[in-house]
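K.L.:
If you read the sequences in order, they're chains A and B.
Numbered per my numbering, the first sequence spans residues 1 to 172.
Numbered per my numbering, the second sequence spans residues 1001 to 1552.
Where hints are given, some of them may not hold.
As the list claims (entries may be wrong) - Cβ-to-Cβ under 10 Å is the rule here; a few derived chain B residues that face chain A:
hint, residue
1, Phe1007
2, Asp1008
3, Gln1018
4, Met1042
5, Ala1106
6, Asn1121
7, Trp1152
8, Ser1153
9, Phe1159
10, Glu1231
11, Arg1235
12, Gly1241
13, Glu1277
To be verified - Stretch-level coverage of chain B by chain A, calculated; a stretch enters the list once three of its residues show a Cβ under 8 Å from a Cβ in chain A:
hint, stretch
14, 1160-1171
15, 1280-1287
These are computed hints drawn from the structure, not numbers from a lab.
Remember, predicted model here, so these are calculated numbers, not experimental data.
Beta carbons: idealized from backbone N, C-alpha and C, even for Gly.
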Amino acid sequence: MQLIKNGAFVEDPFVTVGDEDALPEGAAIVSLERWQAERETLRARNTPVGVRLKSGQEPSAIVEDLDKLAVVALEFPAYRNGRAYSYARLLRERHGYKGELRAVGNVLRDQFQFMIRCGFDALEVADNITPEIFAECAGFFTVFYQPAADGRETVLSLRQRLAARVRERATV
Amino acid sequence: MYRYDEFDQQIVNERVAQFRGQVARRLSGELTEDEFKPLRLMNGVYLQLHAYMLRVAIPYGTLSSRQLRMLAHLGRKYDRGYGHFTTRQNLQYNWPALKDMPDLLAELATVEMHAIQTSGNCIRNVTSDQYAGAAKAEIEDPRIISEVIRQWSTFHPEFSFLPRKFKIAVSGTPDDRAAIRVHDIGIQIVQDAKGNVGYEVYVGGGLGRTPMIGKKIGDFVPKEDLLAYLEAVMRVYNMYGRRDNIYKARIKILVHEIGAEEMKRQVEAEFAALKKEGALHLPLEEVARIEAYFRPPAFEELPNESTELNKAVLADSGFANWVKSNIAEHKVPGYAIVNISLKPIGGTPGDCSSDQMDAVADIAEKYSFDELRVTHEQNLTLAHVRKKDLHAVYEALKKHDLATANINLITDQIACPGLDYCALANARSIPIAQRISERFADIARQHEIGELKINNSGCINACGHHHVGHIGILGVDKKGVEYYQVTLGGAADEKTAIGEIVGPAFTEGEIVDAIEKIVNTYLGTRQDGERFIDTYRRVGIEPFKENLYAAH
Chain A
1 MQLIKNGAFV EDPFVTVGDE DALPEGAAIV SLERWQAERE TLRARNTPVG
51 VRLKSGQEPS AIVEDLDKLA VVALEFPAYR NGRAYSYARL LRERHGYKGE
101 LRAVGNVLRD QFQFMIRCGF DALEVADNIT PEIFAECAGF FTVFYQPAAD
151 GRETVLSLRQ RLAARVRERA TV
Chain B
1001 MYRYDEFDQQ IVNERVAQFR GQVARRLSGE LTEDEFKPLR LMNGVYLQLH
1051 AYMLRVAIPY GTLSSRQLRM LAHLGRKYDR GYGHFTTRQN LQYNWPALKD
1101 MPDLLAELAT VEMHAIQTSG NCIRNVTSDQ YAGAAKAEIE DPRIISEVIR
1151 QWSTFHPEFS FLPRKFKIAV SGTPDDRAAI RVHDIGIQIV QDAKGNVGYE
1201 VYVGGGLGRT PMIGKKIGDF VPKEDLLAYL EAVMRVYNMY GRRDNIYKAR
1251 IKILVHEIGA EEMKRQVEAE FAALKKEGAL HLPLEEVARI EAYFRPPAFE
1301 ELPNESTELN KAVLADSGFA NWVKSNIAEH KVPGYAIVNI SLKPIGGTPG
1351 DCSSDQMDAV ADIAEKYSFD ELRVTHEQNL TLAHVRKKDL HAVYEALKKH
1401 DLATANINLI TDQIACPGLD YCALANARSI PIAQRISERF ADIARQHEIG
1451 ELKINNSGCI NACGHHHVGH IGILGVDKKG VEYYQVTLGG AADEKTAIGE
1501 IVGPAFTEGE IVDAIEKIVN TYLGTRQDGE RFIDTYRRVG IEPFKENLYA
1551 AH
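Whole structure, please, built from the sequences with the hints as guidance.
P.N.:
What follows is the structure in structure tokens.
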């Protein structure tokens, strides 16, 4: 597994810990169950903490804690299970989450761009993904119809700007 | 007709390039067939029994002559000289080679067409009324909002991996020709007391193995909020639709399990939040930009009666039959809507040769403002023909075996590809449709029977819409033998109903006789002017049952 963060291949500073494992000294990602069971202790730690949500564990379970979470990792149990796309947009657009949003699980190259559009800034990918492949897949499309969490300008907004320019020219 | 601007074109071009790369990875062996499957399925490429099949999107069923000529050309160049129009207003090529598909799609893109989201668990091609812009009592041309939806749903990052496929249909008239109540979302354009246009929204309709009629959850969604409303429905479905069982994954199951009231509550809560966030507000100027492409063509001022037409009807009985069944009333005096049947006697429903496509393109160019429609009943429509030109149109169609006078009659059947092509099918459906067609070939007899819709599916996935046929035929497999189960009383219009099973299934040898018995029961029972479906609704299934099984 490799981690791509904001387009760069980076060392993962976080350790994902099992529910039975002892917490490491450094940054750690825990399950929602553990977060809920040890919430006070985890919130009080000085090292960064993240939570990993399974498909079916909704972001509403952690909205009160978003200010304390350095990472929210959303699981794709299979690439065809697209529930986490909605979770990601809710976290970014409705709950204003600014920390790292990480896609984990069955994260395939042909879905990178959808994930980025929905607000993921970190992707855990297979070892055969190279920077060239990532660049190609993250840039398949350059124009977009829908507003989404990445804030990319939409076709509608491009059209409106174009129309405004035409109007300006007409009045000059 | 809508024309792409630079942005629409850019997206389609980028898709062609992306798919070319994916096909190259498959051909080089880098991807296994299993790994390639999700990629091809996002682009309408299916692996059928004998070959790959490509499904081309025809958004809301509207085509220009230029586009139809391209489809004809592609059929010649990459297929076997024909294409197949489907119940979702799309076109399928049954025999293209995988290595050719990127080139085929690149050619298609030159006429502003694509195969985006014609398969996969995403929002599929939006379908609509083939009489759009021509129908009386139309509140607004449904293609305008359909195009808005096409753009919003294309490569939607959140909704490309839904629990299951998702189909949206739009109707602009109270008469529903788009079968909106058997779609995942059905949109009925309505008008309030002040004349504002808005939308009734139905959710959870569908056919397949669990047929259900859509429930109305939106009474009047304002135009500017429609995308926010649709996004709310999609988000609720994406989050809560079942993913544990492919047969329970459609939105109809979610609506059924939580109830329409609860669905409405959840959608409204999400809708309110999305509206507050504001990003999906649809500016009316954008609607107006699209609307400008669908302005009525330059209709002439004509008397409603055409003496040329009346004379030709008297002189040519074949033409008279065709006028009786294939012509529909137009909103503009002196004009008519022409339906072109793709159901010749004994033919394959929906098949159209490249030569026929070229002929229709020429006729549409000359007589119907250069455009045409595909219907969900697998026929074609010329929306705006002068009545005085009808005979010339008929003659031109006849030369290409396209003047079958059977629209809405017993031989105008819907049929899925069935076991002749499809890997999912349990039984053949095309040959059954062909035999029924041959049995009832006599045109006078067909007109005597009147409106009667027979729909054939080769398996319970119901691509042939058997549940909503006045007579539905479902092919099933019983220990390696094909049997045919018959349902009666289905309808896909504004009085949508799911047909009722009449009794034990019939063998291939029995099915056509059984259909004939059903028809004879109707003829013996009907009262003046009653269509088959009216008689069925009046007397119910019993008389049909008795006559069918009494002799057994």
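K.L.:
Mind listing which of the numbered hints don't hold for this structure, in increasing order?
P.N.:
5
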